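Note that the protein sequences, when read in sequence, are chains D and X.
FYI, my numbering numbers position 552 of the first sequence as 561, with every residue one higher than the one before it.
FYI, my numbering numbers position 64 of the second sequence as 69, with every residue one higher than the one before it.
A couple of the hints might just be wrong.
[Stated by the list, open to error] Here are some chain D residues pointing at chain X (derived, C-beta under 8 Å):
{"no.": "1", "residue": "Leu-324"}
{"no.": "2", "residue": "Leu-329"}
{"no.": "3", "residue": "Ile-331"}
{"no.": "4", "residue": "Met-339"}
{"no.": "5", "residue": "Leu-379"}
[As the list claims (entries may be wrong)] Pairs of lysine to any residue residues, derived as SDA-like cross-links and limited to a Cα-Cα distance of at most 25 Å, are as follows:
{"no.": "6", "chain 1": "D", "residue 1": "Lys-391", "chain 2": "X", "residue 2": "Pro-53"}
{"no.": "7", "chain 1": "X", "residue 1": "Lys-179", "chain 2": "D", "residue 2": "Ala-318"}
{"no.": "8", "chain 1": "D", "residue 1": "Lys-391", "chain 2": "X", "residue 2": "Asp-180"}
{"no.": "9", "chain 1": "X", "residue 1": "Lys-179", "chain 2": "X", "residue 2": "Gly-163"}
{"no.": "10", "chain 1": "D", "residue 1": "Lys-391", "chain 2": "X", "residue 2": "Phe-33"}
{"no.": "11", "chain 1": "D", "residue 1": "Lys-391", "chain 2": "X", "residue 2": "Arg-166"}
{"no.": "12", "chain 1": "X", "residue 1": "Lys-181", "chain 2": "X", "residue 2": "Pro-71"}
{"no.": "13", "chain 1": "X", "residue 1": "Lys-52", "chain 2": "X", "residue 2": "Lys-181"}
{"no.": "14", "chain 1": "D", "residue 1": "Lys-424", "chain 2": "D", "residue 2": "Gly-548"}
{"no.": "15", "chain 1": "X", "residue 1": "Lys-117", "chain 2": "D", "residue 2": "Thr-589"}
{"no.": "16", "chain 1": "D", "residue 1": "Lys-391", "chain 2": "X", "residue 2": "Leu-182"}
{"no.": "17", "chain 1": "D", "residue 1": "Lys-391", "chain 2": "X", "residue 2": "Asp-51"}
{"no.": "18", "chain 1": "D", "residue 1": "Lys-424", "chain 2": "D", "residue 2": "Met-387"}
{"no.": "19", "chain 1": "X", "residue 1": "Lys-117", "chain 2": "X", "residue 2": "Lys-77"}
{"no.": "20", "chain 1": "X", "residue 1": "Lys-117", "chain 2": "D", "residue 2": "Gly-559"}
{"no.": "21", "chain 1": "D", "residue 1": "Lys-614", "chain 2": "X", "residue 2": "Gly-163"}
{"no.": "22", "chain 1": "X", "residue 1": "Lys-168", "chain 2": "D", "residue 2": "Leu-384"}
{"no.": "23", "chain 1": "X", "residue 1": "Lys-181", "chain 2": "X", "residue 2": "Leu-49"}
{"no.": "24", "chain 1": "D", "residue 1": "Lys-391", "chain 2": "X", "residue 2": "Asp-141"}
{"no.": "25", "chain 1": "X", "residue 1": "Lys-168", "chain 2": "D", "residue 2": "Ser-393"}
{"no.": "26", "chain 1": "D", "residue 1": "Lys-122", "chain 2": "D", "residue 2": "Ile-31"}
{"no.": "27", "chain 1": "D", "residue 1": "Lys-614", "chain 2": "X", "residue 2": "Asp-141"}
{"no.": "28", "chain 1": "D", "residue 1": "Lys-492", "chain 2": "D", "residue 2": "Leu-384"}
{"no.": "29", "chain 1": "D", "residue 1": "Lys-391", "chain 2": "X", "residue 2": "Lys-117"}
{"no.": "30", "chain 1": "D", "residue 1": "Lys-521", "chain 2": "D", "residue 2": "Glu-617"}
{"no.": "31", "chain 1": "X", "residue 1": "Lys-115", "chain 2": "D", "residue 2": "Ala-447"}
{"no.": "32", "chain 1": "X", "residue 1": "Lys-188", "chain 2": "X", "residue 2": "Ala-134"}
{"no.": "33", "chain 1": "D", "residue 1": "Lys-276", "chain 2": "D", "residue 2": "Ala-362"}
{"no.": "34", "chain 1": "D", "residue 1": "Lys-391", "chain 2": "X", "residue 2": "Glu-73"}
{"no.": "35", "chain 1": "D", "residue 1": "Lys-276", "chain 2": "D", "residue 2": "Thr-475"}
{"no.": "36", "chain 1": "X", "residue 1": "Lys-168", "chain 2": "D", "residue 2": "Met-387"}
{"no.": "37", "chain 1": "X", "residue 1": "Lys-68", "chain 2": "X", "residue 2": "Gly-142"}
{"no.": "38", "chain 1": "X", "residue 1": "Lys-123", "chain 2": "D", "residue 2": "Ala-129"}
{"no.": "39", "chain 1": "D", "residue 1": "Lys-276", "chain 2": "D", "residue 2": "Leu-172"}
{"no.": "40", "chain 1": "D", "residue 1": "Lys-276", "chain 2": "D", "residue 2": "Arg-433"}
Because the hints were derived from the structure by calculation, they are not lab data.
In this text, all values refer to a predicted model and were calculated from it rather than measured experimentally.
All C-beta atoms, glycine included, are put in the ideal place defined by N, C-alpha and C.
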Amino acid sequence: MIPEIGQIALILALTSALALGILPMVGAARNDAMLMRQSRPAAFAQFLFVALAFGCLGASFVANDFSVVNVASNSNSELPLHYRIAATWGSHEGSILLWTLVMSGWTGAVALKSRTLPRALAARALGVMGLINAGLLLFVLFTSNPFLRLLPAAADGRDLNPLLQDPGMVFHPPILYTGYVGFSVAFAFAVAALLEGRLDAAWARWSRPWTTAAWCFLTCGICLGSFWAYYVLGWGGWWFWDPVENASFMPWLTGTALIHSLAVTEKRGTFKSWTVLLAIMTFSLSLLGTFLVRSGVITSVHAFATDPARGVFILAFLALVIGSSLTIFMWRAPRIGLGASFDAVSRESMLLANNVLLVVAMAAVLLGTLYPLVLDVMDAGKISVGPPYFNAVFYPLLAPALFLIGVAPLARWQKSPIPELATRLTWAAAVAVVASIAVPLAIGDWTLLKTTGFLLSFWIIAAVITAVWMRLSAAPQKSIAGKLRANPASWYGMHLAHLGIAAFVFGVTMVKSYEIEKDVRLSFGQTIDAGPYRVEFKGVADEVGPNYDGVAGAFAVTRDGKPVATMQPEKRLYRATQQTMTEAAIDHGLTRDIYVSLGNMIDDKTWEVRVHIKPFVNWIWLGCLIMAIGGGFAIADRRYRLRKSRATETIAGGYAPIP
Amino acid sequence: MTEIAQRKGAGTLRLAIPLVVFALLVFFLWRGLWRDPREVPSALIDKPAPDFTLPVLGDATRKFSPAEYRGKVWLLNVWGSWCISCQVEHPSLLSLAKMNAVPIVGFDWKDKPEAAAKWLAQQGGDPYALSVTDLDGRVAIDYGVYGAPETFVIDRQGVIRMKHIGPLDEASIKDKLLPMIRKLSQ
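Let the sequences and hints guide you as you build the complete structure.
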């Protein structure tokens, strides 16, 4: 019964999405207020029905209803409850349903928050979102129905892929999708504004908090995925340039560019066509990512859905959405007009340079991801593109971008004289250079690459401190609290996010430069030294889990004879799928991780053992988290709420000012 | 006037670049849909099938080597009792065996003979003329096997003419395998 309710809810959601996609659009074109007013109820109805459908699927998983194909293929009666819930989005069908749920959620949020916007613009933006969701719901209903029945019912399910049976997997997909799909808001606003023929500062201001929110979620989602790969895949790496990782990284790169470009458009009225193009590009890359993952055109550890019918559908959808938006762009962009001009050295020019670098970096990642496919299609052979390519193209592009992070916040709008800029940054540059040479020397060995990494990290930190110091000391208030309060939250958010990048770069440089990896065979009672740590293999013991059997090793880690940690890496065999999984044991720390995992058993008392010491590896994820928190500060800025009333007035007056 | 018009034309052309790039991308993605990224061409096509002598499953005294089938077109099908996809493939193999087009030699890969015999008994029929057991997987390395199931088509001269990766189904048997077998049998 429940799956049938879900099925009906899906169909009702589709009709709501179609109503949302058609009525307000027609209304906006005919200036018919009655039709435009339908957008909000349709958006809420769509969300309720998709949520109901999602709830029904979740309930089928919780209730172990093995008469539903999706449940029988992705769950098992022995699977613990929290993973049964996570299994709802562990399959292809479930994850697309999650996509539409998130999409409906964002649409609902826009419907709630858009009451102060010009009616036609809000109606068009919601209409665009409705059309996108209608396409996805059609995809779910026709090619990926999660409610198909299996008659007679299976006695038990085939179980969830063991790789996905992990706390990280419970949160990673929803957060990642919230980020991916969140860019649809900026996209919808961009297309709506193009259709209106009016791209102004007000449009940029409405788009900014939505874009930043999506970016925060995407940052957290990628961060969680990377962290998951680090401790689940059992190889101790944290980024593999895998096509699926690239698929989430590309919208992040253009999304980052979009955030900065929107700031320029709001404050200076320039970069308008570029900003619109970035908004289209970012969401297009989110869709492309979904296509790459879901169609199986590219091999990857993630490609668990290979079905040409699905691929054809998503590709047609992709072509329609992106093709039509780029056509509208081509048609309407000449009417956008240019904004205020700026000098070759100014904050605008630096942000433009950063934008270009980010987009070129995205293009490099895209090229590396699709190159094997292109060669294959042209019958030029089968190849794979791996980390050497990505590292070779990515670092040179990233270095100038990181350098600019230090300079741009201190540069003036429109025209920023170089001598003045240089004076402001001398102190920061000196500290960064000295520290970046001193740190590797203090640790023991110096190479140019290490120094470059440290230099960029310290440079950002020193420049941020300089910028904050200058601004605070210039503030007229007497007390420190008063000085702090004089600046908007978004300004703190920006610097915080930049510090997050610095922490990230520092972590990456530390790990790449000083990690210790020992792959050895150890017998019970033997020890291995890794850096300052001594690791003793105590033995292994059998263990029985809810849906797996396994062995757990016992390792004692000491430093100078003092105990540091006892670690229990595991090797599990999942009963239903007969898949083995390596569960590494990690002792986390702010300055280092100790990583121990079990390889193959050699004899009763001897195992292959992998011991890694990873200095400052957690700073990689900590950095991402700081970036996301910085984004949170930017959204919390009072400006977005205060100016709402002003924005409505100015639009009513027919034009928006450039503040 | 004309100059302005020209500049306008150039501007529109520039605005079309994203669309053109995207159209190119769609073309490659479209073509890519019909290809299997996991299909890696075997280096062994048109090379003699590597020789081996392996015990036959269920008959400890008998050994098999490819030389025995010289003069026949035959299939070598890699399977294992641990392999889920082989279970999916099995009905197709049974119907292929019923056609009596070619003898199918099973290649039981990295398996325990008891588990293999038990598995075969549970599948509702044995499509194989015989199955050899490659317990430690050494011969499979010679054949470049990297997953099960895989199927090799070997001609009368003992040369590998085709390799199919992944489970055979009705379509791949009808469109790929049988035409090749017919061609080789003429």
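Hint-by-hint comparison with the structure:
Here the hint on Leu-324/D is kept, as its CB sits about 6 Å from the closest CB of chain X, short of 8 Å. Among the interface hints, the one on Leu-329/D is violated; its C-beta lies about 10 Å from the nearest C-beta in chain X, farther than the 8 Å criterion. Because the beta carbon of Ile-331/D sits about 6 Å from the nearest beta carbon in chain X, less than 8 Å, this interface hint is met. Here the hint on Met-339/D is kept, as its CB sits about 5 Å from the closest CB of chain X, short of 8 Å.
Checking Leu-379/D against chain X by beta carbon gives a least distance of about 7 Å; that is within 8 Å, so the hint holds. Restraint check for Lys-391/D and Pro-53/X: satisfied, since their Cα atoms lie roughly 23 Å apart, inside the 25 Å limit. Of the pairs offered as hints, the one joining Lys-179/X and Ala-318/D holds, with about 21 Å between alpha carbons and a cut-off of 25 Å not exceeded. A hinted pair counts as satisfied when its Cα atoms are at most 25 Å apart, and Lys-391/D with Asp-180/X qualifies at roughly 23 Å.
Restraint check: the Cα-Cα separation between Lys-179/X and Gly-163/X comes to about 23 Å, which is no more than 25 Å; the hinted pair holds. Distance restraint check for Lys-391/D and Phe-33/X: the Cα-Cα separation of roughly 15 Å lies within the 25 Å cut-off, and the hinted pair is therefore satisfied. Between Lys-391/D and Arg-166/X the alpha-carbon distance is near 20 Å, which keeps this suggested pair within the 25 Å criterion. At most 25 Å may separate the alpha-carbon atoms for a hinted pair to count; Lys-181/X and Pro-71/X meet this at roughly 23 Å.
Distance hint between Lys-52/X and Lys-181/X is fulfilled; the C-alpha atoms sit about 19 Å from each other, no more than 25 Å. As the CA atoms of Lys-424/D and Gly-548/D are separated by approximately 68 Å, the hinted pair breaks the 25 Å bound. Simply put, Lys-117/X and Thr-589/D have alpha-carbon atoms about 18 Å apart, close enough for the 25 Å limit, and the pair holds. Between the alpha carbons of Lys-391/D and Leu-182/X the distance comes to roughly 23 Å, so the proposed pair stays at or under 25 Å and holds.
Among the hinted pairs, Lys-391/D with Asp-51/X is consistent with the structure: their alpha-carbon atoms are about 19 Å apart, no more than 25 Å. Only pairs whose Cα atoms come within 25 Å are accepted, and Lys-424/D paired with Met-387/D is rejected, the gap being roughly 49 Å. Taken as a hint, the Lys-117/X and Lys-77/X pair is broken in the structure, with Cα atoms around 29 Å apart against an allowance of 25 Å. Under the criterion of a C-alpha separation no larger than 25 Å, the hint pairing Lys-117/X with Gly-559/D is consistent with the structure, at around 21 Å.
Between the alpha carbons of Lys-614/D and Gly-163/X the distance comes to roughly 46 Å, so the proposed pair goes past 25 Å and is violated. Between Lys-168/X and Leu-384/D, the direct Cα distance comes to roughly 22 Å. Compliance with the 25 Å bound is thereby established for this hinted pair. For the proposed pair Lys-181/X and Leu-49/X, the alpha carbon gap of about 18 Å is at most 25 Å, so the pair holds. Under the criterion of a C-alpha separation no larger than 25 Å, the hint pairing Lys-391/D with Asp-141/X is inconsistent with the structure, at around 29 Å.
Restraint check for Lys-168/X and Ser-393/D: the C-alpha separation of about 21 Å stays at or below 25 Å, so the hint holds. A hinted pair counts as satisfied when its Cα atoms are at most 25 Å apart, and Lys-122/D with Ile-31/D qualifies at roughly 21 Å. Only pairs whose Cα atoms come within 25 Å are accepted, and Lys-614/D paired with Asp-141/X is accepted, the gap being roughly 22 Å. Distance restraint check for Lys-492/D and Leu-384/D: the Cα-Cα separation of roughly 59 Å exceeds the 25 Å cut-off, and the hinted pair is therefore not satisfied.
Distance restraint check for Lys-391/D and Lys-117/X: the Cα-Cα separation of roughly 35 Å exceeds the 25 Å cut-off, and the hinted pair is therefore not satisfied. Distance check on the hinted pair: Lys-521/D and Glu-617/D sit about 24 Å apart at the alpha-carbon level, within 25 Å; holds. Taking the CA atoms of Lys-115/X and Ala-447/D, the gap is about 55 Å. The hint is violated against a cut of 25 Å. For the suggested pair Lys-188/X and Ala-134/X, the alpha carbons sit about 22 Å apart, so the restraint of at most 25 Å is met.
At roughly 17 Å between alpha-carbon atoms, Lys-276/D and Ala-362/D fall within 25 Å of each other, so this suggested pair holds. At most 25 Å may separate the alpha-carbon atoms for a hinted pair to count; Lys-391/D and Glu-73/X exceed this at roughly 35 Å. The hinted pair formed by Lys-276/D and Thr-475/D meets the criterion: a straight-line CA distance of about 23 Å does not exceed 25 Å. Of the pairs offered as hints, the one joining Lys-168/X and Met-387/D holds, with about 22 Å between alpha carbons and a cut-off of 25 Å not exceeded.
Restraint check for Lys-68/X and Gly-142/X: satisfied, since their Cα atoms lie roughly 16 Å apart, inside the 25 Å limit. Our distance criterion of 25 Å between C-alpha atoms is broken by Lys-123/X and Ala-129/D, whose separation comes to about 70 Å. With a C-alpha separation of about 46 Å, the suggested pair Lys-276/D and Leu-172/D falls outside the 25 Å cut-off, and the hint is violated. For a cut-off of 25 Å, the pair hint linking Lys-276/D to Arg-433/D stands: about 23 Å separates their Cα positions.
The structure is inconsistent with the numbered hints 2, 14, 18, 19, 21, 24, 28, 29, 31, 34, 38, 39, although it conforms to all the rest.
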